[in-house]
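Q: If you want the building blocks of each chain, they are given just below.
There are 2 protein chains.
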Amino acid sequence: MLVGSIEVGGTKFVCAVGNENYQVKDQIQIPTTTPSETLQKTAEYFAQFEIEAIGIASFGPIEIRKNSPKYGYITKTPKAGWENTNFIGYLKKYLNVPMFFTTDVNGSAYGEYVMSLLSNEKIDSLVYYTIGTGVGGGAIVDGNLLGSTGHPEMGHVLLKRHPDDLDFAGVCPFHNDCLEGLVSGPTFEARLNRAGKDVPLSEPVWDIMSYYVAQAAIQATLILRPNKIVFGGGVTSEEFLRKVRRDFAKLLNGYVEVPQLDKYITMPEIKNNGSATVGDFALAIDMLKR
Amino acid sequence: MLVGSIEVGGTKFVCAVGNENYQVKDQIQIPTTTPSETLQKTAEYFAQFEIEAIGIASFGPIEIRKNSPKYGYITKTPKAGWENTNFIGYLKKYLNVPMFFTTDVNGSAYGEYVMSLLSNEKIDSLVYYTIGTGVGGGAIVDGNLLGSTGHPEMGHVLLKRHPDDLDFAGVCPFHNDCLEGLVSGPTFEARLNRAGKDVPLSEPVWDIMSYYVAQAAIQATLILRPNKIVFGGGVTSEEFLRKVRRDFAKLLNGYVEVPQLDKYITMPEIKNNGSATVGDFALAIDMLKR
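Those protein sequence lines, which keep their order, are chains A and B.
To convert, note that position 256 of the first sequence is 256 in full-length UniProt numbering; the numbers rise steadily by one, no gaps.
To convert, note that position 235 of the second sequence is 235 in full-length UniProt numbering; the numbers rise steadily by one, no gaps.
Keep in mind that the hints are not guaranteed to be accurate.
[To be verified] Here are the simulated DSBU-like cross-link-like pairs (lysine-lysine), alpha carbons at most 30 Å apart as the crow flies:
#1 B:Lys41 - B:Lys92
#2 B:Lys250 - B:Lys160
#3 B:Lys66 - B:Lys12
#4 B:Lys70 - A:Lys122
#5 B:Lys289 - B:Lys25
#6 A:Lys70 - B:Lys263
#7 A:Lys70 - B:Lys122
#8 A:Lys76 - B:Lys122
#9 B:Lys243 - A:Lys76
#10 B:Lys79 - A:Lys250
#11 B:Lys76 - B:Lys66
#12 B:Lys122 - A:Lys66
#13 A:Lys66 - B:Lys263
#14 A:Lys160 - A:Lys197
#15 A:Lys250 - B:Lys76
#16 B:Lys250 - A:Lys76
#17 A:Lys243 - B:Lys160
#18 A:Lys160 - B:Lys243
#19 A:Lys122 - B:Lys66
#20 B:Lys263 - A:Lys160
#21 B:Lys93 - B:Lys41
#22 A:Lys271 - A:Lys197
#23 A:Lys289 - A:Lys93
#24 B:Lys122 - A:Lys289
#25 A:Lys70 - B:Lys250
#26 A:Lys243 - A:Lys160
No lab work stands behind these hints: they were computed from the structure.
Given only the sequences and the hints, what does the whole structure look like? Please build it.
A: As structure tokens, then:
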């Protein structure tokens, strides 16, 4: 059995073909140019294989409600040329297989969830945050993706400001100092005029970052009570998560019981940004089973 | 068919017997004294009826994980004498019927969810916050209560502080200025030295309150994407929720689509604090069906 995965990113599409064990059998990258050119190349790629379904994890916001006339669209992205793109409609013209359409973070959340089950962890819920160019979050609850009126946008919540960071306005064009506005990659340039990769973990800005990211984990904990919270994306590292766990414990102050912190707040189990590919394969396979 | 409901509060137990249409057939109040006295009276009350199951909505924190040795306990409440009370164990000695044990806000959330379905609203998720002596929140997702590692404690999240309220330390003994520490009933005494019922909605403190409560609604929206957010408890009123909706719209800034605000952020549909009783009846009935 073969299924497809499309990770829809702002700079490239990662297209992969995998089997029922979530193993990648073939993979290419297609630069993200115009919708018609990129989607055309994507369709041509998958037409070479006998795939039975495709899972798609896209940057958002996207329309995932099946009863909406805009189902399958990328809706109001700032990505030039991609606003209001009928993503699924375009692909369906060329590929006659079932498609599962969700966000990049939902795809990653599902991949990490499936991999946790394969590792014999007894879990039924998981939250996945990415901290990179933007900040997003997706969640699995009782084995299903979360969200009745659309997909989560966990990156745009407001937070208690760090006392040493009160003068920073934040970089989110919609909300200024929401989570994304305070901890996404571009905040390093905005705060320090340096790229994040050039700022060692010993600098104080990372303690400001971890204070905010810990609050995201607190919100996920107190609202969802999940089994696990995974942090991916270019800003995240194991060293950084040690700071996050420290601040999480301090802020939660023992109020509710949580799993052992280094198992609860973790890096992705699937390496090399592969979480969404596994998630897409699994979402495609699970869709066929239903 | 008859089922029971116990609303376990810090000052009284509300015990009710209802039928399969969630109609109350009998009801009493028992003052909350010691665990043994109060639970004894509760058991004697229900022993008079041919009930088939009981739904119990309790103040918390409580242990709801079936696989925990402490399942059915009220755990570490500040309520004197009630810490570590084997609530379900005690009742089971006298009443040989299935019992569903959850938090007060989960019971209310389920009651409001069931009532929304009966009103032909097409919903599958709902969040219920109570703002009173304390602040709590419960949620229904895909028709089920939310929480893998325990019940939600949505009242203890941190928030962006209102610029006119930066000097207020907050009243939560665990977190100082978490949501509960900033908007629960006792904050009126702490901020103004007056009871909340004596502070008219025209006073500026209510705008500070609504700024925080709107952030709770933002968190619930962006993390859960629910169909509806209900606010109950003594501090809430329709007039106050108008302020909350105003601040919610301003803070969300159109980032995600939400239902019409006066249907999305609402007072309980079930009047006179009856949400938990209906929820308990429904949880008891649904447990028997499974």
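Q: What's the verdict on B:Lys93 and B:Lys41, does the C-alpha distance respect the 30 Å limit or exceed it?
A: Between B:Lys93 and B:Lys41 the Cα gap is close to 13 Å, so the pair holds against 30 Å.
Q: Has the given pair, A:Lys70 with B:Lys250, been kept, meaning a C-alpha gap of at most 30 Å?
A: Between A:Lys70 and B:Lys250 the Cα gap is close to 26 Å, so the pair holds against 30 Å.
Q: Given the hint that A:Lys76 pairs with B:Lys122, does the C-alpha gap stay at or below 30 Å?
A: holds (26 Å)
Q: Between A:Lys243 and B:Lys160, is the straight-line Cα distance small enough, at 30 Å or below?
A: holds (21 Å)
Q: Within 30 Å, alpha carbon to alpha carbon, are A:Lys250 and B:Lys76?
A: Given that 30 Å is the threshold and the Cα spacing comes to 19 Å, the pair holds.
Q: Please verify whether B:Lys289 and B:Lys25 have alpha carbons no more than 30 Å apart.
A: holds (21 Å)
Q: For A:Lys70 and B:Lys263, compute the direct alpha-carbon distance and say whether it is at most 30 Å.
A: Between A:Lys70 and B:Lys263 the Cα gap is close to 23 Å, so the pair holds against 30 Å.
Q: Below or equal to 30 Å on CA atoms is what counts here, so check B:Lys263 against A:Lys160.
A: holds (29 Å)
Q: Holds or violated: A:Lys70 and B:Lys122, Cα atoms, limit 30 Å.
A: holds (19 Å)
Q: Taking 30 Å as the top limit, are the C-alpha atoms of B:Lys41 and B:Lys92 close enough?
A: holds (14 Å)
Q: Is B:Lys122 within 30 Å of A:Lys289, Cα to Cα?
A: Roughly 26 Å separates the two Cα atoms, so the pair holds.
Q: Mind checking the alpha carbons of A:Lys160 and A:Lys197 for me, to see if they're no more than 30 Å apart?
A: Answer holds: A:Lys160 to A:Lys197 is near 26 Å, not above 30 Å.
Violation of the numbered hints given earlier is absent; every hint is satisfied by the structure.
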